[in-house]
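**Student:** Please model the entire structure based on the sequences and the hints provided.
For the record, the sequence lines run as chains A and B. End of the first sequence sits at 106 in our numbering; the numbers just go up one at a time, nothing left out. End of the second sequence sits at 213 in our numbering; the numbers just go up one at a time, nothing left out.
Not close to chain B: a few residues of chain A, all C-beta gaps over 10 Å, as computed:
#1 A19
#2 D23
#3 K26
#4 R67
27 Å max Cα-Cα, derived DSSO-like pairs, lysine-lysine:
#5 A:K99 x A:K26
#6 B:K191 x B:K133
#7 B:K135 x B:K171
#8 A:K99 x B:K149
#9 B:K171 x B:K191
#10 A:K99 x B:K171
Hints listed in this document are in silico derivations from the structure and should not be mistaken for laboratory results. Note that the structure is predicted; figures quoted are calculated from it, not measured. All C-beta atoms in this analysis are idealised placements derived from N, C-alpha and C, irrespective of residue type, glycine included.
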Amino acid sequence: MTRFLVVVLACFSAQAFAAGDADSGKLKSQACAACHGPDGNSPTGPDFPRLAGQHYDYLLKALRDYRSGARRNPIMGAQVGSLGSQDLADLAAFYSRQKGSLHVVR
Amino acid sequence: MRISPVLLLLACLPVHAQTVGNAEAAKGKNSMCIGCHGIPMYKTAFPEVYSVPMIAGQAPDYIVKSLQAYRAGDRSHPSMQGIAKSLSDQDMADLAAYYGGAGKAAK
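**Tutor:** Right, here's the structure in full:
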C-alpha cells in the first residue's frame, strides 16, 4: 500500500514540475524576442512564426523537439540546446498566454 | 553579337521568382487540413498527444517553411509528412495564403 501511494505521489510531482510559469517565461524570453517579437505576435522576419496565443502543449512539444533534434532547425536547435525542461515549460506558458492573431478557421 | 540587357534581366527572373499563393485556390485544397486544424482544441492522438497548432493568422512564409520541413523529413509527424509529400509548391503557397490571410481578415 505504501509503495502504491509513493507511486501515485510521484506522478503528481512529475506533473507539477512540468507546469510552466508564465512570469518566469517572460524573464527568459529576451533572446526569443529578437525574432518572435516581445509579445510573440510580431515576428521580425517573414518566415518566423507567431507564438502568441498558441496552445501551451504544442509550444512545449516544439521546444522539446528542437532540443532533442527531432525537429531539425539550426537556429532553434542552437537557441534551446542549453535550456532546461523548466525553461521550456516557462517559455511555452508565457507565449501561450499572450494575445495574438492565431485562431481556428475551417 | 549584342545581348540586350533587358533580355538578360528577364532571363534571370524565373530563377528568383517565388511561388505566389492564391487564397481562393486553397479552398479546394484544404480538405486534408480541416479535419484537424479546423476543429478548436483538437488534439492529435498519434504518435503523441498534444493540441494541434492553430494555423489561421500564422505568417504565410512560415506555413510554407513548415510544410517543406515535413516534406523533407526535418519535422516528424507522420500524418503531416504524408500530406506535405502530396502537395506541390503551388499547393503549399495557396494554403499559406489562405491560412495566413485568414488572420488579417479577423483582425
